[in-house]
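Trainee: One-letter residues, chain by chain:
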Amino acid sequence: EAGVTQFPSHSVIEKGQTVTLRCDPISGHDNLYWYRRVMGKEIKFLLHFVKESKQDESGMPNNRFLAERTGGTYSTLKVQPAELEDSGVYFCASSHGGSQQLLYTDTQYFGPGTRLTVL
Amino acid sequence: AQSVSQHNHHVILSEAASLELGCNYSYGGTVNLFWYVQYPGQHLQLLLKYFSGDPLVKGIKGFEAEFIKSKFSFNLRKPSVQWSDTAEYFCAVTPYGGSQGNLIFGKGTKLSVKP
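First to last, the sequence lines map onto chains B and Y. Start counting the first sequence at 1; every next residue gets the next number (my numbering). Start counting the second sequence at 120; every next residue gets the next number (my numbering).
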C-alpha cells in the first residue's frame with residue numbers, strides 16, 4: 001500500500017511569490033489533514049478535510065493560504081503571496097475515517113513533508 | 120487552549136541506557152494520546168497510542184508509555200536504547216470535543232544515542 005506522498009519535497013521562493021504544495025493521501029482515506037512546523041516550534045494543525053469538504057480550517061494562519069481537495073482525492077495548499085514567516089515544513093496526513101469516534105482514535109499517516117523556504 | 124509539553128529538547132544517551140521522555144498535556148476532559156517518531160530522513164510514524172483500557176501501552180520497537188490521568192502525563196519509556204533509536208519523538212493528543220481529531224503536538228524531543 002502506497003503511503004502519503006507530498007510534492008515538492010523542497011521549495012525555495014522569494015517573498016511575494018506563489019507556491020502550491022500537493023498531497024496525495026493513502027487511497028481510500030477520507031480524512032486529510034495539513035500541519036506545519038515552523039523551525040524551533042511544535043507541529044501545528046492547519047486544516048482538515050473529510051472527503052472534499054473542509055471540516056475544520058481553524059488553524060489556517062490567514063487568507064493568504066488556500067486549501068482544496070477537489071474530488072476528495074489529492075489536496076493542494078496554495079500560499080499567495082508568500083511571506084518570510086511562512087517558511088517551515090508542511091506535513092500532510094491522512095486517516096481512514098468512518099465514525100466520529102474514529103476521528104479521535106484513528107492513526108494518522110504522515111507524508112514526508114514539504115520544506116518551504118521563503119527568502 | 121490545549122497544549123502539550125515535552126520536557127526535554129535534546130537527550131543524549133549511550134546504547135543500553137534506559138530512556139524516559141516526559142509528556143504532559145493541559146486538558147481536563149477525555150483525551151487520546153499518541154507518540155510519533157521521526158527517524159532521520161523518514162516520515163513521522165506512530166510509535167503507540169492510548170485511547171482506553173490499560174494505561175500501560177506497548178508500541179513498536181520495544182517502546183511503552185504510561186498514561187497517568189491524575190498527572191496529565193503520558194511518558195515514553197524504553198528499557199535499553201539502541202543507536203537506531205536516534206530520532207525525534209513527538210507526543211500528541213486529540214481532545215474529545217472541540218476538535219475533529221486534529222493532533223496537538225509537543226515541540227518534540229531529539230534523542231541521540233551514542234554507539
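To be clear, the hints were calculated from the coordinates, so they are not data collected in a lab. Accuracy of the hints is not assured; some may be wrong.
Stated by the list, open to error - Partner residues are not named here, just some residues of chain Y that face chain B (Cβ under 7 Å, in silico):
(1) Tyr158
(2) His162
(3) Leu165
(4) Ile179
(5) Phe191
We put the beta carbon where it would ideally sit given N, CA and C, even for glycine.
Trainee: Now, for every hint given, state plainly whether the structure supports it.
Mentor: Status of the hints after comparison with the structure:
Because the closest C-beta pair between tyrosine 158 (chain Y) and chain B is about 12 Å apart, greater than 7 Å, the hint is violated. With a cut of 7 Å, the hint placing histidine 162 (chain Y) at the interface with chain B holds, because the nearest CB-to-CB distance is about 5 Å. Because the beta carbon of leucine 165 (chain Y) sits about 5 Å from the nearest beta carbon in chain B, less than 7 Å, this interface hint is met. Residue-level restraint check for isoleucine 179 (chain Y) is violated (minimum Cβ-Cβ distance to chain B is 12 Å; threshold 7 Å).
Because the beta carbon of phenylalanine 191 (chain Y) sits about 17 Å from the nearest beta carbon in chain B, more than 7 Å, this interface hint is broken.
When each numbered hint is compared with the structure, violations occur for hints 1, 4, 5.
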